[in-house]
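A.B. asks: When you get a sec, could you build the whole thing from the sequences and use the hints?
Protein chains: 4
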Amino acid sequence: MIDFRSDNVHTIADPVLKEIIVANKNTVASYGGDELTKNAKEMLAEIFNKEIHSFFVSTGTAANSLSLASITPEYGTIFCGSDSHIYLEECNAPEFFTNSAKLYPVKTKDGKIIYGELEKALLFHPSDEFDMVASSLSISQATEAGTIYKQDEIRNLKNIADTKKLKIHMDGARFANVVAATAKKPQELTWEAGVDVMSFGTTKNGTMSAEAVIFFNTNLSKKTNLYMKRSGHLLSKMRFISSQIIGYLKNDLWIELARSANKKANLLSENLNKFDFIHLPWQTEINEVFIIVPKELEDYLKKHGVFCHNWTKISLDSQYHRDNYSFLRLVTSFHSNEKDIYKLTELIEKF
Amino acid sequence: MIDFRSDNVHTIADPVLKEIIVANKNTVASYGGDELTKNAKEMLAEIFNKEIHSFFVSTGTAANSLSLASITPEYGTIFCGSDSHIYLEECNAPEFFTNSAKLYPVKTKDGKIIYGELEKALLFHPSDEFDMVASSLSISQATEAGTIYKQDEIRNLKNIADTKKLKIHMDGARFANVVAATAKKPQELTWEAGVDVMSFGTTKNGTMSAEAVIFFNTNLSKKTNLYMKRSGHLLSKMRFISSQIIGYLKNDLWIELARSANKKANLLSENLNKFDFIHLPWQTEINEVFIIVPKELEDYLKKHGVFCHNWTKISLDSQYHRDNYSFLRLVTSFHSNEKDIYKLTELIEKF
Amino acid sequence: MIDFRSDNVHTIADPVLKEIIVANKNTVASYGGDELTKNAKEMLAEIFNKEIHSFFVSTGTAANSLSLASITPEYGTIFCGSDSHIYLEECNAPEFFTNSAKLYPVKTKDGKIIYGELEKALLFHPSDEFDMVASSLSISQATEAGTIYKQDEIRNLKNIADTKKLKIHMDGARFANVVAATAKKPQELTWEAGVDVMSFGTTKNGTMSAEAVIFFNTNLSKKTNLYMKRSGHLLSKMRFISSQIIGYLKNDLWIELARSANKKANLLSENLNKFDFIHLPWQTEINEVFIIVPKELEDYLKKHGVFCHNWTKISLDSQYHRDNYSFLRLVTSFHSNEKDIYKLTELIEKF
Amino acid sequence: MIDFRSDNVHTIADPVLKEIIVANKNTVASYGGDELTKNAKEMLAEIFNKEIHSFFVSTGTAANSLSLASITPEYGTIFCGSDSHIYLEECNAPEFFTNSAKLYPVKTKDGKIIYGELEKALLFHPSDEFDMVASSLSISQATEAGTIYKQDEIRNLKNIADTKKLKIHMDGARFANVVAATAKKPQELTWEAGVDVMSFGTTKNGTMSAEAVIFFNTNLSKKTNLYMKRSGHLLSKMRFISSQIIGYLKNDLWIELARSANKKANLLSENLNKFDFIHLPWQTEINEVFIIVPKELEDYLKKHGVFCHNWTKISLDSQYHRDNYSFLRLVTSFHSNEKDIYKLTELIEKF
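Residue numbers (our numbering), protein chains in the order written: chain A, 4 to 354; chain B, 4 to 354; chain C, 4 to 354; chain D, 4 to 354.
One or more hints might be untrue.
One copy or two, it doesn't matter: identical chains are merged, so the pair holds either way.
[As the list claims (entries may be wrong)] Here are the simulated DSS-like pairs of lysine-lysine, each with C-alpha atoms no more than 30 Å apart in a straight line:
(1) 225 / 253
(2) 306 / 277
(3) 305 / 342
(4) 226 / 123
(5) 112 / 123
(6) 21 / 253
(7) 123 / 266
(8) 225 / 44
(9) 41 / 21
(10) 110 / 123
(11) 298 / 167
(12) 306 / 161
(13) 44 / 21
(14) 41 / 253
(15) 346 / 28
(16) 44 / 305
(17) 277 / 28
(18) 253 / 277
No lab work stands behind these hints: they were computed from the structure.
C.D. replies: Right, here's the structure in full:
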């Protein structure tokens with residue numbers, strides 16, 4: 004079995020698990036009133052070099068939806084990429100948590116929201132006194148295509164968003180991979196570029212189940228405690244999420260894990276790129292490799308125990324018709340084995 | 004003042020008002036348990052030549068949203084035109100009434116949903132066990148561009164929708180204008196073409212405030228009474244909506260009124276089309292005329308007391324840049340005056 | 004047929020219908036941008052002798068729910084009478100419009116919320132940082148028992164409510180009957196006693212379908228336009244609600260109609276009270292008479308064409324067990340016939 | 004520090020933590036498609052001796068709300084104890100997850116819903132075609148007073164509930180303590196007594212964060228996957244919840260832990276009961292001890308490092324006025340130290 008299904012099929016990194024074990028003593032205040040939670044929040048503030056308000060939950064969908072609910076009223080519109088996770092893969096959680104806000108998909112290229120399309124969407128969004136209100140913009144960093152917005156690209160989107168005073172959310176499910184892949188500081192990629200609130204993911208990169216909602220604009224967090232509770236996302240034994248985050252951040256483990264995952268994806272990408280019957284539609288910038296392959300190759304790989312996901316979110320170019328071609332996503336993690344990459348390469352060589 | 008703002012700036016047609024006056028005697032059961040309501044429902048069934056379940060409410064947004072809520076679960080997706088009223092102009096009412104369903108805008112041409120775009124949308128809609136469920140398709144007849152789907156065109160959309168077992172909703176805010184403009188029977192344009200539930204509008208065409216939700220698929224109406232009540236849309240003195248519908252349908256008044264409105268729009272269209280600096284992007288098929296004009300003409304008309312709406316829902320072609328051109332909508336009604344059309348023409352001639 | 008079912012089985016008062024007819028000319032701005040709507044709002048402001056914000060909708064449930072949604076967040080608690088319309092008879096509309104607020108029923112006596120019970124409810128309502136927030140108090144004036152809160156009684160409730168900074172809503176479905184029955188000015192019964200927002204009913208007292216949401220605390224109305232639209236309660240031809248309200252208020256018609264209804268209820272009450280086998284649990288203060296009668300009398304009356312509702316909202320005292328007794332409600336209107344009252348009396352005399 | 008605040012201030016039991024560590028190897032399917040999740044579900048089925056459908060989430064509020072949403076439509080009424088957790092302590096999560104169902108509090112005695120009160124509530128619940136629908140009954144086992152419903156008592160409530168075909172939910176946040184305290188099998192306390200769906204808590208009794216929604220009536224679980232996803236409660240690395248449940252159930256650990264907690268509460272209860280100025284309103288049946296004490300004693304204890312919660316959910320009897328008395332809750336766990344109980348006793352002796 005060669006497993007490139009997702010980063011969430013992998014384990015907990017040892018230093019994270021160790022912090023859970025360390026946290027497992029004594030009685031402490033529940034619901035986040037404990038010292039570990041305080042420490043974890045301080046570590047986040049330090050990493051982002053800013054006073055922030057942060058809240059810890061157990062899933063990325065919860066983090067995204069709580070973020071969006073803090074910046075979008077029930078009569079609001081959320082602009083997002085047409086291939087974004089919040090639009091396509093969260094089973095209407097954003098609409099649910101916001102009490103019925105509208106998602107407005109904006110076309111993307113290489114996973115990135117196209118400026119002109121956002122401009123047009125805002126220009127033609129209704130704005131009478133009885134119309135829904137343009138409220139927020141959600142950006143995925145890294146994108147759904149495994150690419151990275153440059154700081155300028157985020158700032159450009161922010162400038163367009165400013166014309167309607169949209170608040171900015173960043174879906175950072177794989178934010179660590181972005182930081183590891185660039186020479187940028189976390190703050191440069193977020194609040195310095197105009198992000199108001201982000202979902203800071205850790206689960207895909209080595210924790211058990213720990214996602215943070217981080218408010219850079221601290222005025223926006225007033226209702227978050229109550230939103231967490233009414234959505235069942237306030238964990239009683241919070242210390243065990245907090246300890247995961249501590250283990251994750253301590254000694255830059257998160258960067259190290261992400262760098263390791265990225266590195267393997269690069270290796271995988273290079274190896275796959277050598278085959279002229281394999282097409283990579285996007286640059287490999289983090290830990291995801293997307294490939295378009297003849298259907299026969301997909302069958303062959305699956306027969307030989309290669310696990311990966313079919314990517315269904317976008318249409319193939321006309322030259323790669325879905326009757327003959329498959330669109331596959333391969334994801335690596337800190338825990339992926341380089342040997343598997345070579346095994347996969349050899350397997351394809353024999354195809 | 005020359006008023007082409009909308010059909011809803013106009014009056015109640017006299018025969019409709021007369022029925023209200025006639026209904027205003029005696030005590031009768033409230034909440035629709037009265038004879039007039041029974042009669043109105045029977046008249047609708049006769050017109051559509053089918054056993055139906057129908058419900059009367061006071062706004063089109065309520066009719067649309069109650070319709071959609073009957074065919075879309077909270078975790079469902081509603082496919083609709085990217086310029087549709089339910090997507091752009093109902094302040095998230097569909098999301099609200101469905102308890103958080105998602106709207107999925109599909110590109111249109113001349114107001115009509117493009118088959119290939121719907122096909123693609125369905126093909127790439129997620130379908131795993133935790134994914135939102137493709138549930139319904141909403142079609143506007145007439146369209147938002149004032150054009151009319153042919154019966155075949157609806158059936159083609161229905162065939163695509165069938166691949167995912169979508170239920171079909173028709174937004175018939177101006178359905179009367181469609182029936183008046185075509186040689187078709189109501190049934191041919193609706194249930195015979197596959198429509199499950201429709202919003203049957205009457206307010207824009209001569210009533211005070213009366214819209215019907217009509218279920219051709221009567222299995223779908225089980226919760227509608229309760230949905231009406233919990234959304235505050237169950238009128239106690241229901242007889243007065245019912246009497247409007249009776250007046251509207253009796254002696255084919257609705258067709259006559261719509262024909263009159265359409266005729267004036269045609270006249271208006273012909274007159275405007277004569278000017279080479281006025282561009283009509285779409286065929287005038289019902290009672291709406293859309294024009295693209297130099298900004299100076301818009302200013303001139305408004306200065307001279309011509310009332311109409313700026314159409315903001317779509318972008319202008321590159322040849323008509325919004326810095327120099329305006330997109331205007333002019334709507335006629337049974338109550339519009341032909342003289343106003345000539346006055347407008349003369350006004351433009353002097354421009 | 005002798006019909007005491009409800010005030011909403013009755014007709015539109017002639018002066019109200021006349022105003023509708025008068026309003027039915029010319030084109031006017033839709034959605035409330037017309038002069039009649041402006042006039043109606045000014046008349047309300049004058050009657051309440053205060054700057055107010057008012058909004059017109061077509062049902063009492065809509066008016067109540069929009070009111071409550073303006074003063075209660077989704078994580079809030081609404082305190083209300085345990086027999087209140089909003090708690091028992093609106094099919095969860097308040098929960099729906101508020102996006103999930105909680106209703107907290109407080110015991111009543113003679114329809115009025117008991118101070119001590121409200122005090123206890125507030126005292127034991129949770130108040131930690133993750134707990135739902137005590138937000139609002141809803142009072143029915145007149146009450147569900149057809150009784151009237153005195154101004155002091157409202158102020159007393161207000162004082163208790165102030166301990167948790169609750170906003171106050173008044174459900175005034177039969178407010179006209181209260182004004183007619185007391186020597187009080189509208190302002191004394193509402194904002195002077197601390198009411199922030201009220202549902203001002205007119206439909207039960209002689210209009211077709213017209214209810215106003217009136218904000219005395221004008222800071223609270225910021226979202227109301229949007230809430231109306233997203234719930235489908237923004238009528239396009241608003242002038243026809245507005246004209247009803249004009250007809251209703253003009254020349255104190257509303258007081259006159261209510262006085263007439265009250266007078267008949269008093270007559271009915273006196274007549275029924277003469278029979279020792281008929282028990283009136285509550286004072287008749289407005290246009291509703293409640294009676295407890297032997298089951299045989301109920302059967303006898305219904306057999307002889309007397310229409311009235313069985314009152315199921317409260318339990319009978321142990322001395323009137325429901326196996327042997329029935330609880331009935333008889334409602335009069337301006338349009339009720341005194342002869343019917345005498346006919347009923349004679350009928351009972353023959354029992 | 005002597006800590007009796009809650010069971011959720013305590014640690015993870017070692018065998019549970021061990022299973023997490025054991026589970027931390029290899030790649031496995033995410034979102035519950037792994038073997039451990041399958042095993043955990045089978046273990047639950049075995050313990051309840053029935054084919055069940057079960058789903059794992061991270062909080063009790065999520066488990067309760069997902070349960071209630073599966074048996075209550077948006078226009079439904081949930082009957083529950085007036086002191087129940089779902090009514091008072093979940094920040095409107097039940098209203099939120101059900102899309103606006105109503106909670107109807109029914110009076111309790113010793114934490115148990117009073118039959119006659121439930122009967123009355125059902126009898127006077129509206130039942131017309133536009134009325135909210137009586138849908139479900141929620142029972143806490145153990146109760147909020149730390150008492151235990153006998154099997155007959157549940158069956159009696161079930162019989163009343165059957166008159167309106169209510170579905171039955173059991174909030175089993177401390178179900179293990181009930182099983183440990185009685186000689187009953189899990190099935191006797193649940194589906195054999197008529198329970199359709201339960202929240203099976205484990206977090207308070209030794210796991211990190213693991214709650215199960217268990218459907219005994221397997222027809223009711225059709226939407227649960229989708230409800231989990233749209234509320235953000237589908238964990239990607241599900242194996243780590245499943246492994247907690249495995250560790251919890253294996254070798255009857257759950258019973259052993261609960262027995263240990265119960266035993267300490269009994270000891271605590273006996274010790275406190277000796278003081279004539281300490282009043283225990285309820286029998287100590289599980290791991291919670293409730294006491295009414297003079298305010299001075301509360302101050303004394305808190306000054307000396309005793310941690311416990313003030314119980315605010317119910318009013319004190321008139322003989323214990325809140326100006327002079329405090330209502331306290333002390334909770335023990337498997338991890339509580341008997342020495343702390345003796346220390347507390349000594350402390351009080353010195354008072």
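A.B. asks: For each hint, tell me whether it holds in the structure or not.
C.D. replies: Verification of the hints:
1. 225 / 253: The answer is within: 29 Å in one copy meets 30 Å, while 43 Å across copies does not.
2. 306 / 277: The answer is within: 22 Å in one copy meets 30 Å, while 68 Å across copies does not.
3. 305 / 342: Intra 18 Å, inter 60 Å, cutoff 30 Å: intra-copy only.
4. 226 / 123: Classified as between: cross-chain Cα gap 27 Å, same-chain 32 Å, threshold 30 Å.
5. 112 / 123: Both ways: residue 112 and residue 123 sit 15 Å apart in one copy and 17 Å across, limit 30 Å.
6. 21 / 253: For residue 21 and residue 253, both the intra-copy (12 Å) and inter-copy (23 Å) Cα distances are at most 30 Å.
7. 123 / 266: neither (38 Å within a copy, 35 Å between copies)
8. 225 / 44: Within one copy, since 17 Å is at most 30 Å while 35 Å is not.
9. 41 / 21: The answer is both: 19 Å in one copy and 27 Å across copies each meet 30 Å.
10. 110 / 123: both (11 Å within a copy, 14 Å between copies)
11. 298 / 167: Classified as between; 24 Å across copies, 45 Å inside a copy.
12. 306 / 161: This pair counts as neither: shortest intra-copy Cα distance 46 Å, inter-copy 38 Å.
13. 44 / 21: both (19 Å within a copy, 28 Å between copies)
14. 41 / 253: Within one copy only: 14 Å inside, 34 Å across.
15. 346 / 28: For residue 346 and residue 28, the Cα distance is within 30 Å only across copies (21 Å; inside one copy 44 Å).
16. 44 / 305: between (43 Å within a copy, 29 Å between copies)
17. 277 / 28: neither (53 Å within a copy, 32 Å between copies)
18. 253 / 277: Neither: 38 Å inside a copy, 51 Å across copies.
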